[in-house]
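> Based on these hints, arrange chain B on the given structure of chain R.
Residue numbers (our numbering), protein chains in the order written: chain R, 1 to 316; chain B, 1 to 233.
These are calculated hints, taken from the structure and not from any lab test. Heads up, some of the hints might be wrong.
To be verified - Here are the simulated distance ranges between beta carbons:
1) R:Asp199 x B:Gln177: 36 to 42 Å
2) R:Arg38 x B:Arg11: 35 to 41 Å
3) R:Val208 x B:Thr229: 22 to 28 Å
4) R:Arg196 x B:Thr229: 51 to 57 Å
5) R:Leu122 x B:Gly95: 16 to 22 Å
6) B:Trp180 x R:Leu242: 42 to 48 Å
7) R:Leu122 x B:Phe207: 57 to 63 Å
8) B:Lys52 x R:Gly160: 45 to 51 Å
9) B:Lys158 x R:His119: 30 to 36 Å
To be verified - In silico contact screen, one side only, chain B against chain R (beta carbon under 10 Å); selected entries:
10) Glu12
11) Ile16
12) Lys52
13) Asp96
14) Gly99
15) Leu101
16) Ile226
Stated by the list, open to error - Here are some chain R residues the structure puts well away from chain B; computed CB gaps all over 10 Å:
17) Ala16
18) Leu51
19) Phe229
20) Val243
21) Ser274
Note that the coordinates shown come from a computational prediction; the quantities given were computed from them, not determined experimentally. The beta-carbon is built from N, C-alpha and C at its ideal position, and this holds for glycine as well.
The primary structure of each chain is shown beneath.
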Amino acid sequence: MDHVIKTRKLTKYYGAKCVVNMLDLQIPRGCVYGFLGRNGTGKSTTIKMLLGLVHPTRGSSSLLGEDSSSLSADARRRIAYLAEGHPIYRWMTIGDAVKFTRAFYGQWNQPLLDQILDHFELPAKQKIRRLSNGQRAQVALALAVAPDPELLILDDPTIGLDTVVRRDFLESLIQIIQRKGRTILFSSHILSDVERVADRIGVLSGGVLRVDCPTDHFKRSVRKIVLGFDGEPPEFPACQGLVSSRAVGNDLELVVVDYSEAHQRAAEALDPRSIEVVDLNLEEAFIEYTRGPRRRLPLFAGEEPDDQSIGNQGAA
Amino acid sequence: MIRALAIKELREIGWIVAIALAVYMVAVAAVASTAVEGGLQSVPGLDWVMYKLFQLGLYRCLPFVHGDFEGAFVIISVVLALVLGFRQSAGEAQGDTFGFLLHRPLSRRTILLTKLTLGVGLLWAASATAILVLAWWAATPGSHPSPFEWSMTYPIWKMWSTIPVVYLGAFLSGLRQASWRGTRLVPLAAIALPALIASMMPMWWFFSLPLSALTAVLLAVSILWIGETRDFS
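So here's chain R without its partners, still in its complex pose (with noise of 0.2 Å):
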């Protein structure tokens, strides 16, 4: 299979800290890549190594078969790169924006990007700093898409949007998306986005890419298992496909990939006064997936808050 994008055994240290550490990933041609993972996980650090702005600690990748620490010219012409927060020099007007970036291409779709701009209402004359940043992620967009790229970086690029704005520019990608021949990889912590767009996701969870998979096998494969106890309830043994395994008041929340007679088994074997099997939409599933071990709340410990905490919490 044809690979646009590939990483091997990827991995950045900043000090002592690992932020992204051993990534394989392999992209084919053609797809939409939802890159996910919550703040600070490594996903715009992956991206800017990707596209050779951050330079690795080991490890490797390339995009179009050329290395990223030195990606040619003719491929940086191929790749489009919509960067955090949707940076485009404020003095400029949206058509300086425009003639800078067209100067850079041979290819430059003209229609498509008065198209674009026409359809969000963004005229020529005005001035970046004056967009809100809805307006401003729409006009990085049309400049991404206007030297019609193969491959589509986006990092977080509907972040700091509101939701009328967020549909409308993910409607345009979506159209954009089906422009045939073009891969994206699109990074977010909005699920719901990634849901709409995206047929294959990875989601990175401490800088380690925990799952590489089509989108509808991820949300049919991670399930919450929730085994009702009259007491404190026992440990959960360590098997394939766990997750995690938290306890909550007398139940015992597991999170289960690819449930099994083998999970029903060491389940049951608990003795459990129920065992409660939850389907998980995409973002549940995610949540469950990523997030570390609950930490218990005094407020929630049974305890009446005194008027005090009330009074700090109202302050805070």
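Below, chain B alone, put in the same frame as chain R:
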């Protein structure tokens, strides 16, 4: 592509150079208008202005012979060099536009060299304009109250040739990463010694010029190396 990049740079730093050029011209005008009897100092009501010009060494200054035009020239030039250097490097980081710029289909070396060429070119052009305008005034018969020879301008041209070192030091300080601002300014501090030595040594052709040129080359190479190796995160 390079033209588009150069136009962008020109639009970003052109106004800074225009302001600096205006300040140079004010200094030149002050020197030219007070150097001769019956000049600006004879206009009533300008005592305060004359006093300030006197404090700055620009009152009754004999350009290229005595007075402190060279001092004013160096101060304006150094400030301009610092502002241009930081604007072109740290300005991109502050606006978060390095990622956008460096992803354009041009080599990083070309992008940085275009910036440096524009920066040094404008810095040199603006400061040379100030020298040339004052020298042109001095060379006009009846202007300069002493015999004027173009060779009298050599000392200021020597200062002019050293200014890019300050610019490159500022550019490198703005580009390189450091754990805190103090250590980020190390390149700027490091150029002080060679710049001082270059301006004080008598054998300009044999010592000062090669030292300035070597410092400038080392700074330019460091800028290109940092540009290739640093993380733009």
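> State for each hint whether it applies.
Going down the list of hints, with the structure as the test:
Distance hint check: the CB atoms of R:Asp199 and B:Gln177 are about 38 Å apart, consistent with the given range 36 to 42 Å. Between R:Arg38 and B:Arg11 the beta carbons are some 40 Å apart, a value that agrees with the proposed interval 35 to 41 Å. Evaluation of the 22 to 28 Å hint for R:Val208 and B:Thr229 yields a pass: the beta carbon distance comes to about 27 Å. The hint said 51 to 57 Å for the Cβ distance between R:Arg196 and B:Thr229, and at roughly 39 Å that hint is violated.
Taking 16 to 22 Å as the suggested C-beta distance range, the pair R:Leu122 and B:Gly95 conforms, at roughly 20 Å. Separation of B:Trp180 from R:Leu242 is about 45 Å and conforms to the stated range, judged on CB atoms against 42 to 48 Å. The beta-carbon spacing between R:Leu122 and B:Phe207, approximately 59 Å, falls within the hinted interval of 57 to 63 Å. For the pair B:Lys52 and R:Gly160, the supplied restraint of 45 to 51 Å holds, since their beta-carbon distance comes to about 50 Å.
In this structure the hint that B:Lys158 and R:His119 lie 30 to 36 Å apart at CB is violated, the actual value being about 60 Å. At its closest, the beta carbon of B:Glu12 sits 7 Å from a beta carbon of chain R; the interface hint therefore holds under the 10 Å criterion. Because the smallest distance between the Cβ of B:Ile16 and any Cβ of chain R comes to about 13 Å, over 10 Å, the interface hint for this residue is violated. Hint status for B:Lys52 relative to chain R: violated, with the closest Cβ pair at about 34 Å, above 10 Å.
With 10 Å as the threshold, the beta carbon of B:Asp96 comes within range of chain R, its nearest partner Cβ sitting at about 4 Å, so the hint holds. With a cut of 10 Å, the hint placing B:Gly99 at the interface with chain R holds, because the nearest CB-to-CB distance is about 5 Å. Because the smallest distance between the Cβ of B:Leu101 and any Cβ of chain R comes to about 9 Å, under 10 Å, the interface hint for this residue holds. Restraint check, B:Ile226 versus chain R: the minimum CB separation of about 12 Å is more than 10 Å; hint violated.
Separation of R:Ala16 from chain B is adequate, the least Cβ-Cβ distance of about 14 Å exceeding the 10 Å criterion. Under the 10 Å C-beta cut-off, the non-interface status given to R:Leu51 relative to chain B is violated; the minimum distance is some 6 Å. No Cβ of chain B approaches the Cβ of R:Phe229 within 10 Å, the least distance being about 47 Å, so the stated non-interface status holds. No beta-carbon of chain B is positioned within 10 Å of the beta-carbon of R:Val243; the least distance is around 30 Å.
Consistency note on R:Ser274: stated as away from chain B, and its beta-carbon is indeed over 10 Å from all of that chain's, at 49 Å minimum.
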